[in-house]
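*Asks:* Here are the chains, one letter per residue:
Number of protein chains: 2
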Amino acid sequence: MPTPWELRFAHRTEGMKSSFIRELLKVTNQPDVISFGGGFPAAELFPIEQMRAACDKVLTENGRKALQYSTTEGYNPLRQWIVDDAKDRGINITLDNILITNGSQQALDFVGRIFINRGDRVLTESPTYLGALQAWNAYGPQYVTVNTDADGMITDELENLIKQNVKFMYVLPNFQNPLGVTLNLERRKHLIELANRYNVPMIEDDPYGRLIFEGEMLPPIAALDAQYHECSNCFDGNVIHTSTFSKILAPGLRIGWVIAPAVVIKKMVQAKQGADLQCSTFDQYVAYELASGDWLQDHIATIRRVYKERRDAMIQAFEDFMPEGTSWTTPRGGLFLWLRLPEGCDSLELFPKAVEEKVAYVPGVPFYPNDGPRNTMRLNFSATNPEKIREGVRRLSVMIKKSIA
Amino acid sequence: MPTPWELRFAHRTEGMKSSFIRELLKVTNQPDVISFGGGFPAAELFPIEQMRAACDKVLTENGRKALQYSTTEGYNPLRQWIVDDAKDRGINITLDNILITNGSQQALDFVGRIFINRGDRVLTESPTYLGALQAWNAYGPQYVTVNTDADGMITDELENLIKQNVKFMYVLPNFQNPLGVTLNLERRKHLIELANRYNVPMIEDDPYGRLIFEGEMLPPIAALDAQYHECSNCFDGNVIHTSTFSKILAPGLRIGWVIAPAVVIKKMVQAKQGADLQCSTFDQYVAYELASGDWLQDHIATIRRVYKERRDAMIQAFEDFMPEGTSWTTPRGGLFLWLRLPEGCDSLELFPKAVEEKVAYVPGVPFYPNDGPRNTMRLNFSATNPEKIREGVRRLSVMIKKSIA
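Protein chains in written order, with the working numbering: chain W, -5 to 399; chain X, -5 to 399.
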């Protein structure tokens, strides 16, 4: 029987569910479980000494300001760093195009808050980032989904869908979560051409783009969009772009950002005033000190090297241990890859058996906004060392072989 | 003409407006303006050296954990600190009754998110905290308001209103924002008696309670509620209680909390997963180190002493400078007081004239959920030293005298 409190819950809470991933983390926190489940960066690479120096500098030079309330938009030197960084990647913006958010998750929530009416059609890749679905479900959208392959969203399938009154499209072009695949250049161009032909806004979510292991870094869709719009030095096209410091500095700081036309930022600032006033002033000051340090490029190079080794270890282990009928993506960057089990396997049903074997993953089903195959799973390779990765994959293969025996 | 982006905004954005206060802060940031406008704690009292030591300790002992993702509910030692602290004030709870939020503002947003359907009736004091209105307006409530006097909400007026299908009541019992008044004990008892008789939940917002200058600290309404419920050691009554470290440590950390029945916390955790996953792990570790230090009680005593001096300076200046027909509240704690100008003055219209005289305040009108007198204003006394307070009040009195001349 519902409690009196539950009887008072708003209708929108029906769309709110616990994150499967975050609930799972609780189960798999035992130290003898090898978990490929979370989306954790490698903690052993966190820049602890640089962090200590940054905290010290901020408190010495700006202690009172860094502990006080500050503007909702964010700390200006940090916003300027983002302006400069965006320019390096072909996105021409000013301070008015930036809001600092609690990780890019909050940017996704604000996208939902300011755009989605109940019943609105939102177009996503299938599968797509679970956290986006979780942010938006409370606002009651319907999802229209586009299939994906090794080169990301299959844009040839897009045109028919995009005509059907879509509020916005959502795409993760680089090392997509959960697939690990990258949208190739041809498709990026096709996508932004369609977005402009049909005037459908696009949310480009790029938390992992800097963690590229090999090949060329492709231009952000927000940069490709510029040619469709007259004003060469203002950002007023069809794209909202989000990113974060979580994967290059530390996720515990919860500092991300959103780049959008000024009219959208203005509305998001109002949303943020109601939601939590502002991000941690202190964390913003510290993130600025860290981001503007000379050491950052070397640090990112180290992350790339270590994660590449881990990806390689995982794929080698697949080749050595996995049974016939198993396949996987080979990400050129990021934190995740996608494993497809032999037909008939159900990764959700198998999950308790995996935990028995002391290995954990995220079943693929929650990543499909509508429906999808049940024999898929997302595996994280960034948070586990190569030796443990090999052992974890071996355990996983044991579980899979048992299940198909 | 609306831009294509604006045409796509969701209906709920019509309820979202810029915070008058936060917009005003931009105008009054000139150093020669004496501003009583913000809600800033005194930055010169921030515990910068303790903060440095806390950052250092956290990074030395728990660097990797403090920079990593962590649970949505919050850092357990910090939650345990809140459990113990609540117990000291007569509120018996466990960890399951606590969620750490980005300041108590985020707790208010989550209250709106999980309870308010469009058109729901929400009962507040009149005037009330502007930030609560801003958090809730996007969810489309109607406000039912209760008048206030020097002892807070006039509970004798409550019974007729509470019968009319109210979703929840919202009350700031201690040193209310914006009035500075305190709900007396008799009214607290009356309020919780009515809440239980009519089974209407209450949101008790207490960001300032620790900053008491004189008189007795009154029990939280959440503590008074216990007698109406059977289970003596579980928290499942009619009250949700929020508070924050913003006013005793530093607002720049954005660490607040909400105490609620476990079923409500569970739903709020889902809301937070969608909203931003979690609060800054680092800031939570640091806040715990600070809050559990021996120095904290002395620190709070210092804040009380300094703010009391400032309140006294402001009231002395009123007595010395203000024209006939001006009246004010005399807060026994907190950061704000409420000034009423002679009849016929309009504090919103007069605002540009005040800025000409190099003094700023917040006009009273935005604090009234529905409507209220236009001759009122909120003044902050915590962020300005006594000498400047005297000069600022003098300038204000000049402006007022000119306007009634």
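Treat the hints with care, as some may be off.
A pair holds if it fits inside one copy or across any two, identical chains being indistinguishable in the list.
In silico PhoX-like pairs for lysine-lysine, Cα to Cα no more than 25 Å straight-line [as the list claims (entries may be wrong)]:
| # | residue 1 | residue 2 |
| --- | --- | --- |
| 1 | Lys11 | Lys183 |
| 2 | Lys161 | Lys11 |
| 3 | Lys347 | Lys260 |
| 4 | Lys352 | Lys395 |
| 5 | Lys51 | Lys157 |
| 6 | Lys183 | Lys161 |
| 7 | Lys382 | Lys81 |
| 8 | Lys59 | Lys382 |
| 9 | Lys183 | Lys382 |
These aren't lab readings, by the way, just hints derived from the structure by calculation.
*Asks:* Please go over all the hints and tell whether each is borne out by the structure.
*Replies:* Against the structure, the hints:
{"no.": "1", "hint": "Lys11 to Lys183", "verdict": "neither (36 Å within a copy, 37 Å between copies)"}
{"no.": "2", "hint": "Lys161 to Lys11", "verdict": "both (23 Å within a copy, 23 Å between copies)"}
{"no.": "3", "hint": "Lys347 to Lys260", "verdict": "neither (49 Å within a copy, 28 Å between copies)"}
{"no.": "4", "hint": "Lys352 to Lys395", "verdict": "within (15 Å within a copy, 77 Å between copies)"}
{"no.": "5", "hint": "Lys51 to Lys157", "verdict": "neither (53 Å within a copy, 57 Å between copies)"}
{"no.": "6", "hint": "Lys183 to Lys161", "verdict": "within (20 Å within a copy, 50 Å between copies)"}
{"no.": "7", "hint": "Lys382 to Lys81", "verdict": "neither (40 Å within a copy, 44 Å between copies)"}
{"no.": "8", "hint": "Lys59 to Lys382", "verdict": "between (44 Å within a copy, 20 Å between copies)"}
{"no.": "9", "hint": "Lys183 to Lys382", "verdict": "neither (40 Å within a copy, 60 Å between copies)"}
Comparing the model with each earlier hint shows violations of hints 1, 3, 5, 7 and 9; every other hint is respected.
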